[in-house]
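There are 2 protein chains.
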Amino acid sequence: MRLSKRGEYGLRAMIMLAGTPEKDASLPMVQIKEISQREQISAKFLEQILLTLKNAGLLHSKMGIGGGYYLAKPPSEISLGQIFRTLDGPVAPIKCVSQMAYEPCGCPDEQTCGLRMVMGDVRNAIANILDHTTLADVAKRQSDTRKKLGIK
Amino acid sequence: MRLSKRGEYGLRAMIMLAGTPEKDASLPMVQIKEISQREQISAKFLEQILLTLKNAGLLHSKMGIGGGYYLAKPPSEISLGQIFRTLDGPVAPIKCVSQMAYEPCGCPDEQTCGLRMVMGDVRNAIANILDHTTLADVAKRQSDTRKKLGIK
DNA sequence: AAAAAGTCTATTTATACAATAGACTTTATT
DNA sequence: AATAAAGTCTATTGTATAAATAGACTTTTT
Numbered sequence: 002m003r004l005s006k007r008g009e010y011g012l013r014a015m016i017m018l019a020g021t022p023e024k025d026a027s028l029p030m031v032q033i034k035e036i037s038q039r040e041q042i043s044a045k046f047l048e049q050i051l052l053t054l055k056n057a058g059l060l061h062s063k064m065g066i067g068g069g070y071y072l073a074k075p076p077s078e079i080s081l082g083q084i085f086r087t088l089d090g091p092v093a094p095i096k097c098v099s100q101m102a103y104e105p106c107g108c109p110d111e112q113t114c115g116l117r118m119v120m121g122d123v124r125n126a127i128a129n130i131l132d133h134t135t136l137a138d139v140a141k142r143q144s145d146t147r148k149k150l151g152i153k
Numbered sequence: 002m003r004l005s006k007r008g009e010y011g012l013r014a015m016i017m018l019a020g021t022p023e024k025d026a027s028l029p030m031v032q033i034k035e036i037s038q039r040e041q042i043s044a045k046f047l048e049q050i051l052l053t054l055k056n057a058g059l060l061h062s063k064m065g066i067g068g069g070y071y072l073a074k075p076p077s078e079i080s081l082g083q084i085f086r087t088l089d090g091p092v093a094p095i096k097c098v099s100q101m102a103y104e105p106c107g108c109p110d111e112q113t114c115g116l117r118m119v120m121g122d123v124r125n126a127i128a129n130i131l132d133h134t135t136l137a138d139v140a141k142r143q144s145d146t147r148k149k150l151g152i153k
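Protein chains in written order, with the working numbering: chain C, 2 to 153; chain G, 2 to 153.
There may be inaccurate statements among the hints.
Any copy will do: because identical chains look the same in the list, a pair fits if it lies in one copy or spans two.
[Claimed, not checked] Straight line, CA to CA, 25 angstroms or less: simulated PhoX-like cross-link-like pairs of lysine-lysine:
id, residue 1, residue 2
1, Lys34, Lys74
2, Lys45, Lys96
3, Lys96, Lys6
4, Lys153, Lys74
5, Lys148, Lys55
6, Lys74, Lys6
7, Lys96, Lys74
8, Lys141, Lys96
9, Lys55, Lys74
10, Lys45, Lys6
11, Lys141, Lys153
12, Lys149, Lys45
13, Lys148, Lys45
Derived by calculation from the structure, the hints in this document are not laboratory data.
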């Protein structure tokens with residue numbers, strides 16, 4: 002049940018953006034280069050990922066000097082599910098239980114297929130977490146943990 | 002978060018084995034050929050999968066005429082998690098949250114990594130379902146559904 | 001001895017993931 | 001106007017994994 006590198010890097014970048022405080026009442030803009038260095042990711046690969054996220058409407062960007070990326074919406078309105086699906090596709094382990102991209106699988110009878118029932122549960126469990134966790138939730142959880150540990 | 006074909010076929014086969022009633026007080030033995038036909042799976046591919054499951058101690062087999070495969074333990078003692086891990090590897094979406102196969106991922110600080118926290122939740126949600134669902138549970142659910150629908 | 005089953009390992013093919021490359025566009029600054 | 005610093009876009013390559021196929025071998029029953 003692996004998360005791809007694209008998904009991992011994209012989620013990391015978005016989480017980082019959500020945790021970047023606004024400077025001087027301006028937008029919290031971050032460059033590809035900065036993210037790739039902080040997270041140890043190939044800049045070229047990240048570029049593609051952020052572009053995809055931009056085209057999906059989750060990021061905005063500004064070209065030219067002083068430009069960079071910033072969240073298209075407040076962190077509380079961007080769920081991890083949106084990011085995940087944009088980069089990794091459907092959450093469902095098997096197509097016949099996908100809500101966003103249903104396709105029949107090969108079983109003789111979907112209604113009574115035991116595998117389908119269980120995988121439906123798995124899909125729902127994953128989707129519940131990813132769709133109900135926003136970037137704001139993650140940022141808060143991180144800072145709460147830091148506080149609790151007395152770090153930084 | 003896809004389930005591989007190996008995983009899918011293996012799970013289907015095991016579920017089928019769990020639903021096969023014993024005939025004449027003998028072991029409920031089923032041949033590769035029969036499973037592959039009923040489930041529309043390449044016999045050669047299934048062969049590998051069942052062998053893997055056998056080597057993992059989940060299936061037993063008998064060679065020669067009248068032979069075939071049968072569950073190594075009662076259906077109530079085989080969880081879907083065991084089958085899944087045997088065929089598809091760790092449940093965790095990211096290595097650093099795997100209980101069975103931990104490996105550090107690249108984040109600067111694991112303790113405060115937001116992605117890791119969420120993926121830990123996802124791992125637990127999936128593992129809870131797969132590890133607490135046995136083949137007997139699946140068989141029961143299937144037959145209950147059939148009964149409710151008045152099928153067969 | 002023959003037939004019907006599983007065993008084992010190697011090889012091939014297909015697909016998807018990960019990464020790299022390079023030419024192009026926009027914007028700010030000088 | 002020129003230059004530099006950013007993002008844009010698409011194509012290509014490399015690599016790993018998944019999926020499938022192949023074939024020679026072993027065991028068991030009749």
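Each hint, compared with the structure:
1. Lys34 to Lys74: Answer is within; shortest intra-copy Cα gap is 22 angstroms, inter-copy 55 angstroms.
2. Lys45 to Lys96: between (31 angstroms within a copy, 24 angstroms between copies)
3. Lys96 to Lys6: both (22 angstroms within a copy, 12 angstroms between copies)
4. Lys153 to Lys74: So lysine 153 and lysine 74 fail the 25 angstroms test inside a copy (27 angstroms) and across (52 angstroms) alike.
5. Lys148 to Lys55: neither (32 angstroms within a copy, 49 angstroms between copies)
6. Lys74 to Lys6: within (24 angstroms within a copy, 38 angstroms between copies)
7. Lys96 to Lys74: neither (30 angstroms within a copy, 30 angstroms between copies)
8. Lys141 to Lys96: between (34 angstroms within a copy, 23 angstroms between copies)
9. Lys55 to Lys74: within (12 angstroms within a copy, 52 angstroms between copies)
10. Lys45 to Lys6: So lysine 45 and lysine 6 pass the 25 angstroms test inside one copy only (13 angstroms; across, 32 angstroms).
11. Lys141 to Lys153: For lysine 141 and lysine 153, only the intra-copy Cα distance (15 angstroms) is at most 25 angstroms; the inter-copy one is 53 angstroms.
12. Lys149 to Lys45: neither (36 angstroms within a copy, 55 angstroms between copies)
13. Lys148 to Lys45: Result: close neither inside a copy nor across copies, 34 angstroms intra and 56 angstroms inter.
Going through the hint list in order, the structure does not satisfy hints 4, 5, 7, 12 and 13.
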